[in-house]
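The listed protein sequences derive, respectively, from chains A and B.
Going by the working numbering, the first sequence opens with residue 5, and the numbers climb by one from there.
Going by the working numbering, the second sequence opens with residue 4, and the numbers climb by one from there.
Keep in mind that the hints were calculated from the coordinates and are not lab data.
Since this is a predicted model, take the numbers as computed values, not measurements.
Where a beta carbon is used, it is the ideal one built from N, C-alpha and C, also for glycine.
Hints are not guaranteed to be accurate.
Just so you have them, the derived chain A footprint on chain B, three or more residues with Cβ under 8 Å [claimed, not checked]:
1) 165 to 176
2) 219 to 227
3) 245 to 252
Chain residues, written in single-letter form:
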Amino acid sequence: MTKQPTVFMRGIRKHFGDFAALKGVDFELRPGEIHGLLGENGAGKTTLMNVLYGLHEPDAGTIELHGEPVRLRTPQDAIAHGIGMVHQHFMLVPTLTVAENMVLGEKGGAFVGKERLQQAASRLRERGERYGLAVDPNARVWQLSVGQQQRVEILRALYRDARVLILDEPTASLTAPETEQLLPRLRALADEGASIVFITHHLEEVLAWTDRITVLRHGELVETLRPAETSAVALARSMVGRPVTLKELGVDVSVAPSTEHRGTGNAPMLEVNGLGCRSDRGTAALDDIGVSVRGGEIVAVAGVEGNGQAELEEVLCGLRQPAAGTVRLGGDDVTHVTTLERLRLGMGVIPSDRYRRGLIRALPIGENLVLDQIGERPYGTPLRVSRRAIAARARELIERFTIRATGPGQLAGELSGGNAQRVVLARTLSRDIRVLVAAQPTRGLDVGAMEFVWARLDEARRAGVAILLLSTDLDEVMALADRCCVLYRGRLVAEWPRHELDRETIGLAMGGVVGTPSPATVPEQVVTRA
Amino acid sequence: MTVAQSSVVLPPFQRRYAQLWTVLVSGGGVVLAFLVGGLLVVIAGGDPLAAFRSMFSGTLGSTFSIGELLVTATPLLIIGLGLALAFRGRVYNIGAEGQLFVGALAGGSLILELHASGTVLIAFAVVAGIVAGALWASVVGYLRARWSVNEVISSLLMNYIGIFGFDYVIRKPLGDPAAGNALASRQLPTSAMLPSVSGLYAHVGIFIALGLVPFVWYAMRATPFGYRIRMMGLNREAAQVAGVNTARLTVVLMALSGGLAGLAGVIQVIGVEGRMDSGISANYGFTAIVVALLGRLSAPGVLAAALLIAFLNVGGQAMSVDNGLPYSIVLAIEGVFVLFVLIADRFGRTR
């Protein structure tokens with residue numbers, strides 16, 4: 005170590021209630037380096053960085069910046085010390101322009117004059133050009149793609165002269181080309197002397213683009229090393245704490261060539277016909293969607309965010325009224341019935357946003373595990389909820405689904421992403437369901453949790469459940485789908501059976517490029533093309 | 004409160020002596036409230052000790068004053084319980100004042116027009132008041148559930164329709180010719196009045212109110228209905244995905260809180276005033292919002308808050324009358340007390 009580290013965190017501890025999120029972690033960030041931060045969900049990566057960004061005050065431990073001890077009590081402190089953070093979920097105001105978002109946190113806030121905004125815009129242009137991150141300062145944020153919004157987030161940090169840049173899973177929501185654009189830009193930034201912390205699950209990205217890697221596990225530091233000293237398998241092992249195979253990593257899940265079409269003999273359990281609906285903005289979000297799923301098969305609807313997956317999920321759950329078409333559940337028309345009725349008819353849902361729709365964070369895990377059965381036997385009568393029965397059931401499910409929690413009484417909001425998803429899975433799959441709508445079931449999950457979710461979905465399929473998988477993740481589609489269609493701009497543009505699944509073709513279709521399909525690729529289900 | 008910079012974590016005082024801390028903070032809050040309140044009295048040119056003495060003697064000093072306290076607490080408690088239920092589900096009913104008047108009007112007119120008397124009539128009037136308040140409020144609930152019309156605004160504005168509709172009916176169709184231009188209906192037959200509690204200058208309505216407390220407490224804590232309300236309040240979308248019919252529950256909560264406000268209205272007519280006039284409510288429908296929030300939306304909390312607010316109201320009046328203090332100073336002191344209770348509540352929590 006010749007140069008003084010930019011950031012030196014020593015012995016950082018942080019508890020949330022009884023849960024120890026960080027158990028005395030050391031972390032060092034040097035000038036001009038990209039530092040990969042790896043770990044399973046719940047390992048403490050985000051918590052550690054939130055401490056550095058002043059969002060959490062540590063229970064114990066010290067932080068030094070350029071050798072000077074500092075106390076970062078709020079993000080404003082951190083920003084004043086040149087630390088910027090780009091969260092996994094963007095913190096932008098969608099209805100404002102890019103430039104307006106820049107000045108939002110400044111003195112005067114929303115009341116700054118035109119002149120100030122123009123200054124911001126020109127400064128933004130200058131930064132954008134210097135770092136190759138150009139964005140139109142006058143564009144409204146909601147009109148930008150996810151990749152562009154992320155640029156805006158990074159630009160905001162640079163706009164405030166951040167020299168330490170924390171990126172929490174920056175590539176998680178990006179398409180492959182967007183990722184390929186982003187990473188060299190980060191390298192250029194680091195070459196200029198900025199220090200970058202890069203939180204991710206993608207081992208390949210970490211190995212290719214970082215200077216050093218720190219691995220956390222269960223709130224403890226496992227190791228800090230250089231990419232040259234390690235490998236994907238070794239990193240995965242130190243993250244999970246046990247040997248894993250490459251296939252488990254999702255690094256390269258090859259499709260077993262199979263001509264057998266699972267579920268062929270079964271009756272269709274979920275039938276969607278001519279379905280159309282409008283988005284929140286009133287534009288057509290879905291147009292003439294037709295898909296059917298038989299018992300015992302997984303049909304994937306792949307697509308890039310913003311192409312109608314969210315609306316399809318909402319229509320199927322009963323959260324959004326369709327404008328046209330029908331949805332049938334095992335023969336019953338459920339197009340206009342309530343969510344409760346759908347659940348009674350044997351539908352299960354894994355919502356894409358587990359914290360917003362899957363869980364009630366302020367309620368204990370126990371209640372969350374039977375959320376859709378409160379008031380039903382054995383969890384109570386219409387006049388009394390049986391806490392004892394709920395707790396007993398919760399303990400059973402916590403063990404069966406290996407949920408890492410202190411017990412049924414722990415609040416669901418304290419769980420890490422992977423464990424939160426296990427709660428949703430446990431609730432949904434432990435019921436007697438015939439149809440499962442699984443929306444982005446592994447989004448933001450680490451390798452271990454991902455593997456767990458896939459195994460449970462596969463189990464449900466074997467048990468004869470008809471599964472509709474909505475996913476933006478190609479690995480997931482390749483690993484699970486018996487059939488795959490692609491949703492592009494609200495329409496289903498292509499469909500393939502399992503033995504014809506091809507990463508590249510699906511990836512192209514997700515981007516709107518559909519080749520001329522050979523007659524063999526048109527399966528029994530009628531697909532309307534755009 | 005956390006300690007950065009040091010490597011040893013000392014459990015702070017608050018956490019180690021949680022209960023003692025809570026007591027200290029609430030006690031400190033009360034003392035401070037009296038100090039600041041006393042200061043206000045001094046500024047108004049009064050003697051703070053005498054003022055606070057008459058505050059206590061005016062509420063707890065005699066059977067009469069205790070009765071006064073209970074009569075004031077009754078509508079606050081009944082409405083506050085309903086609002087606590089609705090607020091738990093994040094259904095913000097701000098229209099209890101109007102619902103109170105609509106309920107009073109329905110119950111009162113029934114008694115005036117039916118020309119019957121006795122217990123049956125009282126029972127009918129009570130039911131009519133509840134139903135009228137519930138229906139009145141469920142209009143707001145339906146608008147919210149069906150077209151996402153903000154219930155805060157619609158319920159607030161419907162207050163005016165309810166209150167002035169009430170004024171119109173008691174002046175014109177049901178008006179008392181003898182009262183001249185005064186806003187009052189004809190007098191109700193005494194047989195249609197609620198009986199008093201023997202030995203106290205209070206009507207039996209307080210028992211209805213107190214009887215509702217365990218009922219609401221149990222419903223909120225232990226029934227699936229209460230769980231659904233909590234689920235909806237904590238996360239509306241997740242509740243919906245878990246099968247809660249949030250549209251229906253919204254209407255139900257509006258109807259429930261409106262029905263209770265209507266009940267309070269009828270009780271004011273047949274328990275206190277004996278006729279329908281604008282004196283049946285001293286802003287109880289609005290004050291009950293403070294009661295519900297101060298009671299942290301729990302039934303026992305609402306009971307305590309209703310008694311506290313009634314104490315401040317009745318005691319404040321006594322203070323003003325006995326000491327020749329302007330009534331505005333009473334309102335200011337009430338505000339100071341509520342403020343300090345809220346602050347103490349915030350700092351008394353140890354989590």
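Evaluated hints:
no.	hint	in the structure
1	165 to 176	violated (count 0)
2	219 to 227	holds (count 3)
3	245 to 252	holds (count 4)
Checked against the numbered hints listed earlier, the structure breaks hint 1 alone; every other hint is satisfied.
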